[in-house]
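Residues per chain are reported as follows:
Number of protein chains: 6
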Amino acid sequence: MFTHMSRLQFEAKPEKPDAHYARKLQELIGGAWGEMTVTMQYLFQGWNCRMEGKYKDLIMDVATEEIGHVEMLATMVARLLEGAPAETTADMVDKDPVVAAVIGGMDPQQAIVSGGGPTLADSNGVPWNGRYIVASGNLMADFRVNVAAEAQGRLQTARLYNMTDDPGVKDMLKFNLARDTVHQKQWLAAIEELKADGLEEEIAPSALFDEEDQTHNKTIWHLSDGKHGAEGRWASGPAPDAIHEFSYVQNPKPLGSKASAPKPDPLLYATTPENLGLIEKAIKKLT
Amino acid sequence: MFTHMSRLQFEAKPEKPDAHYARKLQELIGGAWGEMTVTMQYLFQGWNCRMEGKYKDLIMDVATEEIGHVEMLATMVARLLEGAPAETTADMVDKDPVVAAVIGGMDPQQAIVSGGGPTLADSNGVPWNGRYIVASGNLMADFRVNVAAEAQGRLQTARLYNMTDDPGVKDMLKFNLARDTVHQKQWLAAIEELKADGLEEEIAPSALFDEEDQTHNKTIWHLSDGKHGAEGRWASGPAPDAIHEFSYVQNPKPLGSKASAPKPDPLLYATTPENLGLIEKAIKKLT
Amino acid sequence: MFTHMSRLQFEAKPEKPDAHYARKLQELIGGAWGEMTVTMQYLFQGWNCRMEGKYKDLIMDVATEEIGHVEMLATMVARLLEGAPAETTADMVDKDPVVAAVIGGMDPQQAIVSGGGPTLADSNGVPWNGRYIVASGNLMADFRVNVAAEAQGRLQTARLYNMTDDPGVKDMLKFNLARDTVHQKQWLAAIEELKADGLEEEIAPSALFDEEDQTHNKTIWHLSDGKHGAEGRWASGPAPDAIHEFSYVQNPKPLGSKASAPKPDPLLYATTPENLGLIEKAIKKLT
Amino acid sequence: MFTHMSRLQFEAKPEKPDAHYARKLQELIGGAWGEMTVTMQYLFQGWNCRMEGKYKDLIMDVATEEIGHVEMLATMVARLLEGAPAETTADMVDKDPVVAAVIGGMDPQQAIVSGGGPTLADSNGVPWNGRYIVASGNLMADFRVNVAAEAQGRLQTARLYNMTDDPGVKDMLKFNLARDTVHQKQWLAAIEELKADGLEEEIAPSALFDEEDQTHNKTIWHLSDGKHGAEGRWASGPAPDAIHEFSYVQNPKPLGSKASAPKPDPLLYATTPENLGLIEKAIKKLT
Amino acid sequence: MFTHMSRLQFEAKPEKPDAHYARKLQELIGGAWGEMTVTMQYLFQGWNCRMEGKYKDLIMDVATEEIGHVEMLATMVARLLEGAPAETTADMVDKDPVVAAVIGGMDPQQAIVSGGGPTLADSNGVPWNGRYIVASGNLMADFRVNVAAEAQGRLQTARLYNMTDDPGVKDMLKFNLARDTVHQKQWLAAIEELKADGLEEEIAPSALFDEEDQTHNKTIWHLSDGKHGAEGRWASGPAPDAIHEFSYVQNPKPLGSKASAPKPDPLLYATTPENLGLIEKAIKKLT
Amino acid sequence: MFTHMSRLQFEAKPEKPDAHYARKLQELIGGAWGEMTVTMQYLFQGWNCRMEGKYKDLIMDVATEEIGHVEMLATMVARLLEGAPAETTADMVDKDPVVAAVIGGMDPQQAIVSGGGPTLADSNGVPWNGRYIVASGNLMADFRVNVAAEAQGRLQTARLYNMTDDPGVKDMLKFNLARDTVHQKQWLAAIEELKADGLEEEIAPSALFDEEDQTHNKTIWHLSDGKHGAEGRWASGPAPDAIHEFSYVQNPKPLGSKASAPKPDPLLYATTPENLGLIEKAIKKLT
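Chains as they are written, first to last, in this note's numbering: chain R, 13 to 299; chain D, 13 to 299; chain A, 13 to 299; chain W, 13 to 299; chain S, 13 to 299; chain C, 13 to 299.
If you're looking for bench data, these hints aren't it; they were derived computationally from the structure. A few of these clues could be false.
Just so you know, same-sequence chains aren't split out, so a pair can sit in one copy or run between any two.
Each computed DSBU-like pair below joins lysine-lysine, with the alpha-carbon atoms no more than 30 Å apart [to be verified]: (1) Lys207 to Lys265; (2) Lys239 to Lys270; (3) Lys28 to Lys182; (4) Lys296 to Lys107; (5) Lys275 to Lys296.
Values in this document were obtained by computation on a predicted structure and should not be read as measured data.
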C-alpha cells in the first residue's frame, strides 16, 4: 500500500514559462526511457521478486521514489505552460513570427486535451505503453535493463539540460541527473552483489551453459566488410566469464540448409506449383 | 548495401510440426526483446555511430548476423505450422478435446493472415514496433542496452528451450543460446574497451558530473518499509565509479514545496476558484 | 444498412485556409475523444444492445449522426489546407520566418501522406484506435461513458473555438458545440430513464450488492496528506444510492499481509535463494 | 512524494493456482478500464488540478489508493501462476487434453517474458497505454469520466467474479467491488458538490452557452429507421439543464452544401480534371 | 450525411453459437484488412477526392456499403457468442477438457469487456487503428491499395469459410466472398478507366518521369543468391509502361560512398574520437 | 544469411544540413509506406513463399535491396541534422524567429533520443510497427499489395522531392523515384507472369468461385446519392475476369432481417427487459 505527501521530492519551479520546452520535457515523463518507465518497471520487478530481503527492499525503495519523479515533471510541465497562448488567430500568426513559431512548436494536446498540463506521452505526443517495461523475475537480466534505463535516462536529461537556461528548470534537472547517476551506480553495485552472493553469474540467465552449442558461444562472425571488427578485446583473449576465449571468424559460411517453407494446407490458398493448370480448368468450368 | 545467401546461418528443422509452439516462438521474432529488436537496434546504432573503426565495425557485424536470426525463426515457424488444421468445425472441436485445445491455443493470425507462416508480432499477436529499439549515439549508454537485450533474449530462449522436446527445435535453440551468450560477453567486453580507450566512463554519459547535484548523487532513499535495503553494497562503501561513497537515507523528507499547478488561461476552461458564482450568473442570464 | 447523401449535415466552409489550424482540428477527428470515437462507440453499443426499443433506436440515431460529423471535419480540414505550401526550400525558410513557422507547425503527414487532406489521427499525428471505444452491453455503464465522451468532446471543441477567428470555422464549431450539448443532456436523460424504468440503478452494474464487502463500500481512505479531503459531501452523510452513509477513514492501515510472489518453477530461471552456491558449482564444472 | 508499506491494502491469496484465470485478471491490471488506468488518471488529474482544497485532496487520496490496487492484482496474478507448466512438450499435450487446454489458454508472455508474473497488459496481451487516461483540468468533464471508469471497472470485476469459485480470489474481488461501488458514489457526490459550490454546471464545460447554435442544442435527429427513438424523455420535455425543451426531428435534412475538397497544389499529385490529356502528352514525349 | 435502416444488408444468422469462431471472425471486423479498414479507407478517399463525378460517386457508394458489412459481422459475432460460458470455475475446466479448450480459445475481452459482443479489434485482440488506411488524393495509387485490400480481404474470408461448417455462417460468407470479388473487379476496372480517361498512367504518380534517374528505373538488382530471379518477364523485355526495357544486373556494386554519420554537436554526448583522454582528465579533476 | 558492405547503394549526401527536412524524411524510413515496410514485407513474403524458383528469388533480391534503402535514408537524416541546434534557450527563441521556427518544426526525439540521428518512426514520430506488412502466402494477393506499396512510396517520394532544393537530397530522391518506378513495373509484370503461368487468376484467391454468391458477385450498389456512379466501366459491360457482366443496382434494399443481438448470459449484466422490476426488489431488500 502507498501513501502520498503533497510536497515534492525536489523543487520544480521554472523562473519563466516556456511552452516549447514543456513539449520537450514530455520525453522524461512518457518517453520509452522516461520516469514512467522506471516507475512501472521497478514496481513490477518488486512485485515479481522471488527473494525476500535486500534486493526486493532496494527495488521497492527506488520504485517508490520514481513515482515522485513523475510528479515533479508533471508539475514542472504545468508551470512551464503558464500563459501559453490559448486564444490565437491566423492573423496573429501572420503578424508575429515568434508567436507563430511558438504555436507551431507546441504540443497541441497539452492545450486541447490537458488544458495546459502534461499528457502521459513523449515529446512527439506518442502515448507511453506497458511494453516499455520488463520484470522477468531474473534479477541479473533485469538489473542489466535497469542500468541501461538509468544510462539512457541520464543521457536524455543531460541533453535537455543544455536546451534551457532557466535556472529553476536547471536546478531540478541537476537533481534528476544526480539521481540518475546514483541509480546507475546502485544497479551496477547490485549486479556485483548478485555475483558475490553466488546467486547469479555474469551471463544471464545462469543456466543451460552445458546445453548451449559449445562451438558458437565464443565467436564473432565477420558479416560486414569493415576491417577493424577484429581489433577489439571481444575478438580474441579471455571473455568476461573467464572461461572462454573469444575468436573472430573472418570468412563465415552459413551452417544451415536452404531456407524454405513447407507446402501449406491447400485450403490456405498459398500459391504453389500444385496450382498449375488447376485454375485454368476451374475458370473453363465457370465460363 | 546488403546481400543475401539462401542458406540459413544455422539449421531450422523441427522433427515434427507443433502449432502451439509456433505461437510461442513468435516472442523471439517480434517480441520486445526478440531478434527483430536486436536487428534494428544494432543497424540503427551502426548507422548512428560517430566513430569509424572497431566499434562501428563490430556493431555492423552483429547487426547483419541478427537479420539472419529473424530468417531462421521465420523458417522454423512456417515448418512448425505444417499440417496445422485449416479446416475445422465446431463438431470436430466437440468431439476431440485435443483438436479443440490445439485450435484454441494457436495464433489465429498465423493461419488467417499469414497462411501458415509467421507474423511480425509477439506471442500474444501484438505487432513489433520501432520504440523497442534505441540508438542514442552514446556507445556506453547503448552497449548497456545491448547487454540487457542479449540477457533478456537469452532468458526467453532458455525458457522456450524447456517448453519443447523436439530435437530439431532444441538444436536451433542451442545455437541461439550460444549466440546470446557470446553477444552478452562481447558487449560487456566492449564496455570495458570503451573505458580502457578513455572514451567513456562507468556512468553514462561521461558529462555534467560537475553540474549535477553533489548531495544527491550518492544516496539511496528509504521510501518503502522493507528493513533490508541498507544491507547491500549500494548502501555504504565506495560506489562503482571509485569516487563517491554510497549512503542510505533512513528517514527521507521531501525537499520541494507543495505540488501545485498555476492558474490556467480562462479559455481553457479549467475549474478554478474564479469560476465561483460566475456560472450561476451565466445560467440565470440564459433562463 | 446505411445510405449516404452528399450534402453535409452542416456547412463546413472556412473563410480562409489555415494550415496550423488544420492540424489542431485533427484532435476532433481522430483524438481519443473525437468524432471517430463517438461514431464507433455508439455503433457498437447499438449492435451490442440487448433490448429492442427506445434505447437502441436512440443509440442508432446518434451513431448515424456522428458519421456525418467525421465527414464535416474531414471536409473542413481539406479546405483549411488549400494552398498550404507544398514546394518549399531551406532558402525560403531562412528568408521568411512566417513561412518557416507555418511549415514547422504543420502536420507533415497531411501533405506527404494525404496530399492535402485529413488523416485518421489526432493533433499529434497518433492514429485513432479501437481501444478508445466501449460497448459493454450494460446500458448504465455505457451511458456514463457517453456523457463523459460528450463532455470531453465539448470541452475540446470549446478550446478549439477560441483558437481561431475564422467565421466559417466558428460557424461549424457553434453547431458542434450545440450537438455536444444536446448529446450530453440526452445521455443524462437516458440515465434517468433507465432508473425510472427500473432497468438499472445509480451504481453500475446493478448486481452483486449483497456479495460485495459491506465494510468497505462506503469509506474514503485518507492516503495523501491533504487536509481537506474530508470536507466534501463524499466524506459523510448519505451516499447517492440513498442506502449507505459515507465515512472518511483518517488513519487507514493495510488489511492484507505482505506482498510476495511464490517460488517459481526453476525452469523459469527467476533469482531465488535456492540459486545460492549452485551457480558456483556449475561454473566450476565448466572450467 | 510517495512512500510504500509492504503490506497489501487487502489480502490477495488464492486457495489454488489457476493459470487460465491469471490471464483473465490481466484485464483489471492493464485493460483500458483497469486499475492502471484509474491510478494514472487520478494522479494526472490531481497534478493538473487548478484549485487547492477538498477536490484536489480527494483526487490524491483515491489516486494513491489505486496504486495499491495494481499491487494487489499483480500479487494475485503471480500466485495464481504458481506451478503453471513451464516444461511441456508436444507429447504431453497430445496425451492429456486438459494440460493441452490449460497451456493453450494461458497468456504465453506471463511465462516467457515475466517468468510467472503479471505483465502490464490486458487479457489479450495488448500493452496498457497512456491514451487511456484523461486529465483535462475541467473537474466536471473529468469526474464524468471517473464515474464511467468506476462503472466499467465494477462491471468487469463483477463478470470476473463469476468466472472463479476460488474463495481467496472471490474475497479480494468482493473488496474490489466494494471499492468500485464507493468510488462511483463518491464521484457522483463530487459532481453534485461542484454544482452546489457554483463551480460548474450540469453540462461541461460551463461555457459558450451563448455562442453555441441555439437551434440545434436541443434536438435529436431521427437518422436510423427505429420507431421508438422519440419515446424517451430525451425526445420531449425539459432537458436536464432545466433550461431547454428537447425535441425530436422526424425527417431531418442536411443543412450543409455538398461535401467537396478543393483543388490541391499540383505538386501533391492528386488526380484532378486538370490531369486530362497532360499525361498522355508527357508519355508521348518520353517515348 | 448518413442514414441507417435497421435491416442488415444480408442475413447474419448462425445455426448454432460457436465461441471459438467468434474470435476468429474478429479478423474481418478489426484486422488490418478487415471491413473497418475498407470502410474508413473508402470514406476518407471519397472525402479527399479532388474530382467530382463518377469516381467519387463510386467510392462513396462502396464506402457506404462497407459500414453495413461491419454491422453484419458485429451482429454475427454477438450471435455466435450466445450461451458462451460466463460462469466457469477451475473445477469445471479440470473435469471437462472440451469446456477447458473452449474457454482457453475464446477471446477473453469479448466476455469481460463487451459482455458477449464484438470488440473493435482483430483475432488476437489487437485494436484496429487509423494507420491501416490510406487516402492520398491520387486515385491511381489509392485504387492500387483498394485492389490489394479486397484481395487480402477475400483471401482471409476464404480461409475463414473453411473453418466452419455452420450453414448460416457459410451463407453470410458466400455473400462476403461475392462482394470481395466484385469489389476487386470494380477497382481493377476503375484503374483501366483512369488510364482510358487520360487521367493517370500505369505507374503512380504520373509525374517526375523526366526527373527520375534514367539508368536505374528499369533494372532489377541481383542481391540474393537465388539463380532464377532473371527468368521472369520482369528481367528482360518490355516493361508494363511500354516505354522501357527491363534488365537484370547480375553483379551489382554499391554506387555510393561509405555510410557514415557526421560529427554531432558535443552537447549531444555521442561517443567520438574527440572524447579520447578528455574523460580521464575530467574524472581526475573530480577525485 | 546476410552480409553487408559499408558502401551505400547510392550516394546520400546533402549539400547543406536542414533539420526540418530531416523530420519529413522520417516518413520514408518509418512511415506506413516507407522503406522499412517494403523491407520487412518482402523478407517475410520470401520466407513464406511456397514455391521455389523465379518468384521467390525475385522477392529476395528486392527485399535485400530495400534494407539498403533504409540505410541510405538513415544516413541522409543524420547528415541533414548536422549542426542542428542542441543548445538553445528561451531567449534565443524570443530574439530570432527563424531559430524559433526551426526548433519548433524539428522532431524533438531526433535530438533528445537519437542524439542527432534518425528514429524508427514516421514524420509525426509515431513508431513503425509490424502490422504495416503482409505476407499471406498467396502471391497474387501479396503482389497486389506490393504494387500498392511502391505506388504510395513513389507518390510520397515525389511530394518530398518538391519540398527541397538541395541538389544532394534531390540526387538521392531521383534514384529512389527510379527504384519505385521499376519496382512498380516489376510487380505488375510478376502479376502478369502468375496468370501466364496458370498459377493464379485476376481475382485473388483463385478459389471458391463456385461457392460464392452468384447473384452478388457482379453488382455495384447505389448507396450514396451521387448520380454518376453508374457511368464508369464498373457499372456495365464485361468485368475484368472476362466471365461476368457488371450491373449497377439503382435502388438497393437490405436483404437481411433486423440486426439484433441475442439475450446474453445474465451473469454478464447486460441491460435486458428481464431486469425490469428485479432491481427495485433487490434495492428494497438492501434498505
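Problem set entry | Lys28 and Lys182: within-copy, between-copy, both or neither at 30 Å Cα | within (12 Å within a copy, 33 Å between copies)
Exercise. Quick one: Lys239 to Lys270, C-alpha cut-off 30 Å, is that within a copy, between copies, both, or neither?
Worked result: Both: 28 Å inside a copy, 13 Å across copies.
For this session: Could you place Lys296 and Lys107 in one of the four classes (within, between, both, neither) given a Cα distance threshold of 30 Å?
Result: neither (71 Å within a copy, 39 Å between copies)
Exercise. With identical chains treated as interchangeable, where does the CA-CA distance between Lys207 and Lys265 reach 30 Å or less: within a copy, between copies, both, or neither?
Worked result: Result: close neither inside a copy nor across copies, 37 Å intra and 33 Å inter.
For this session: Have a look at Lys275 and Lys296 and pick one of within, between, both or neither, based on CA distance no larger than 30 Å.
Result: within (26 Å within a copy, 46 Å between copies)
In this structure, the hints that do not hold are numbers 1 and 4, in rising order.
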